[in-house]
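Asker: Residues per chain, in single letters:
2 protein chains.
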Amino acid sequence: MQSSPLLEHLIENLRCLPGVGPKSAQRMAYHLLQRNRSGGMNLARALTEAMSKIGHCSQCRDFTEEEVCNICNNPRRQNSGLLCVVEMPADIQAIEQTGQFSGRYFVLMGHLSPLDGIGPREIGLDLLQKRLVEESFHEVILATNPTVEGDATANYIAEICHLHNIKVSRIAHGIPVGGELETVDGTTLTHSFLGRRQID
Amino acid sequence: MQSSPLLEHLIENLRCLPGVGPKSAQRMAYHLLQRNRSGGMNLARALTEAMSKIGHCSQCRDFTEEEVCNICNNPRRQNSGLLCVVEMPADIQAIEQTGQFSGRYFVLMGHLSPLDGIGPREIGLDLLQKRLVEESFHEVILATNPTVEGDATANYIAEICHLHNIKVSRIAHGIPVGGELETVDGTTLTHSFLGRRQID
Chain A
5 MQSSPLLEHL IENLRCLPGV GPKSAQRMAY HLLQRNRSGG MNLARALTEA
55 MSKIGHCSQC RDFTEEEVCN ICNNPRRQNS GLLCVVEMPA DIQAIEQTGQ
105 FSGRYFVLMG HLSPLDGIGP REIGLDLLQK RLVEESFHEV ILATNPTVEG
155 DATANYIAEI CHLHNIKVSR IAHGIPVGGE LETVDGTTLT HSFLGRRQID
Chain B
5 MQSSPLLEHL IENLRCLPGV GPKSAQRMAY HLLQRNRSGG MNLARALTEA
55 MSKIGHCSQC RDFTEEEVCN ICNNPRRQNS GLLCVVEMPA DIQAIEQTGQ
105 FSGRYFVLMG HLSPLDGIGP REIGLDLLQK RLVEESFHEV ILATNPTVEG
155 DATANYIAEI CHLHNIKVSR IAHGIPVGGE LETVDGTTLT HSFLGRRQID
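Chains as they are written, first to last, in the numbering used here: chain A, 5 to 204; chain B, 5 to 204.
Isolated chain A (complex conformation) (with noise of 0.2 Å):
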């Protein structure tokens, strides 16, 4: 039992956040109260704004407050003529991150999964399509996740890509950097054979 019937409810809500356990929940309520009620107040505001003001990029369907993102209204990155499909917003972090790749991207939100009733629609790729005939992209990059159903959806969207005469690659999956080829599981080792490059 809580003293405080405030303090339970805080509790009780800091667990719709990922990886938050009870025992997590309790000692960031705590340490709120204890030591700082207004990094708490800011968090709440901060929350608020980003779940009513977040929605997505009318282009790539990544998250923004604005119609069109950052991204997509960056003259130089218009001008690369590079298109990289992710699944999921996060996905765009970690490309970012790597400094890479200096193109635009489509979000799919998920991918196709027929069983969930997830199709071609519900993944936005009627709007691929329309920006596929009317921009003037020379490559489309498949980042999607190298699972079952991320491999299904790149296939679908390559084939769409074939349609419109446009290049689309599929990113590399082989043996990580700095991993050891002991630990790595047949897979990744039969994909890694499979995708080998010639050394010139």
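Just so you know, these hints were derived from the structure itself, not from any lab.
Quick caveat, the model's predicted, so the values are computed rather than measured.
All C-beta atoms in this analysis are idealised placements derived from N, C-alpha and C, irrespective of residue type, glycine included.
Accuracy of the hints is not assured; some may be wrong.
Stated by the list, open to error - Have a look at the derived ranges for each label pair, beta carbon to beta carbon: (1) B:179 with A:187: 38 to 44 Å; (2) B:187 with A:149: 40 to 46 Å; (3) B:23 with A:85: 39 to 45 Å; (4) B:151 with A:53: 39 to 45 Å; (5) B:188 with A:149: 42 to 48 Å; (6) A:155 with B:182: 57 to 63 Å; (7) A:102 with B:57: 41 to 47 Å.
Unchecked claim - Partial list, derived from the structure: chain B residues whose beta carbon lies under 8 Å from chain A: (8) 10; (9) 18; (10) 21; (11) 23; (12) 28; (13) 34; (14) 37; (15) 43; (16) 72; (17) 75; (18) 102.
Given chain A's structure and the hints, the job is docking chain B onto it.
Answerer: Chain B only, in chain A's frame:
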């Protein structure tokens, strides 16, 4: 670079939670935006209410939004004549979960630490003395942490209790149940020898 300043702001503010680094904050923000916006809004409301309305009980200094907390208000607990002194509100939770203590509490909100300017007044010992005079406790149990500061604080409070002719005790320190002697540190083992009990 995040595509959305509001998202960036949310990720930054989530880091005020203990144990949440940049990666977890990002994961939390994306999880809420993608799967649980209503949960995020509820959390924001719970945070605002808790941070603005929760104060301290006028008797025991535990967190509560009332003048006097549930535990202090409970007549059965008032009749027990037992008072347990703890450092933090979270300690009360831990003790309540054992179901072994049916008296009331007093929360110091810290421990004596003269070098940091934390003296008897700062940890509410004037209020504690007032309670010892006005109410009829027949035992005070000192459950401060087994640290140098916690021990010093316990000794200080024990002297106050002796002045008021109230029986005072300290919770036992020794080998944790389920622990192994071999892996326990020397100080704990010393305590467990000093605190040995005769078997009748």
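Asker: Go ahead and decide if the range 41 to 47 Å is satisfied by the Cβ distance of residue 102 (chain A) to residue 57 (chain B).
Answerer: At roughly 46 Å between Cβ atoms, residue 57 (chain B) and residue 102 (chain A) fall inside 41 to 47 Å, so the hint holds.
Asker: With chain A as the partner, please determine if residue 10 (chain B) meets the hint condition of a C-beta pair closer than 8 Å.
Answerer: Residue 10 (chain B) check passes; min Cβ-Cβ to chain A is 5 Å, inside 8 Å.
Asker: For the restraint on residue 75 (chain B), tell me whether the closest CB of chain A is nearer than 8 Å.
Answerer: Given a least distance of 5 Å, the restraint on residue 75 (chain B) holds.
Asker: Should the hint that residue 43 (chain B) touches chain A count as held when the rule is a Cβ pair under 8 Å?
Answerer: Nearest chain A Cβ about 4 Å off; hint holds.
Asker: Is the hint on residue 28 (chain B) kept, meaning its closest Cβ partner in chain A is under 8 Å away?
Answerer: Because about 7 Å separates residue 28 (chain B) from the closest Cβ in chain A, which is inside the 8 Å limit, the hint holds.
Asker: Is the gap between the beta carbons of residue 151 (chain B) and residue 53 (chain A) within 39 to 45 Å?
Answerer: holds (41 Å)
Asker: Okay, residue 188 (chain B) versus residue 149 (chain A) on CB: inside 42 to 48 Å?
Answerer: holds (47 Å)
Asker: Would the hint on residue 23 (chain B) stand, with a C-beta cut-off of 8 Å toward chain A?
Answerer: holds (7 Å)
Asker: Using the nearest Cβ pair, does residue 72 (chain B) come within less than 8 Å of chain A?
Answerer: At 10 Å from the nearest chain A Cβ, residue 72 (chain B) fails the 8 Å test, so the hint is violated.
Asker: Verify the interface restraint on residue 102 (chain B): the C-beta must sit less than 8 Å from at least one C-beta of chain A.
Answerer: Result: violated, 13 Å to nearest chain A Cβ.
Asker: Regarding residue 23 (chain B) and residue 85 (chain A), is the given constraint of 39 to 45 Å on their beta-carbon distance met?
Answerer: holds (44 Å)
Asker: Is 38 to 44 Å respected by the C-beta to C-beta distance linking residue 179 (chain B) and residue 187 (chain A)?
Answerer: holds (39 Å)
In this structure, the earlier hints numbered 6, 16 and 18 are contradicted, and the remaining ones agree with it.
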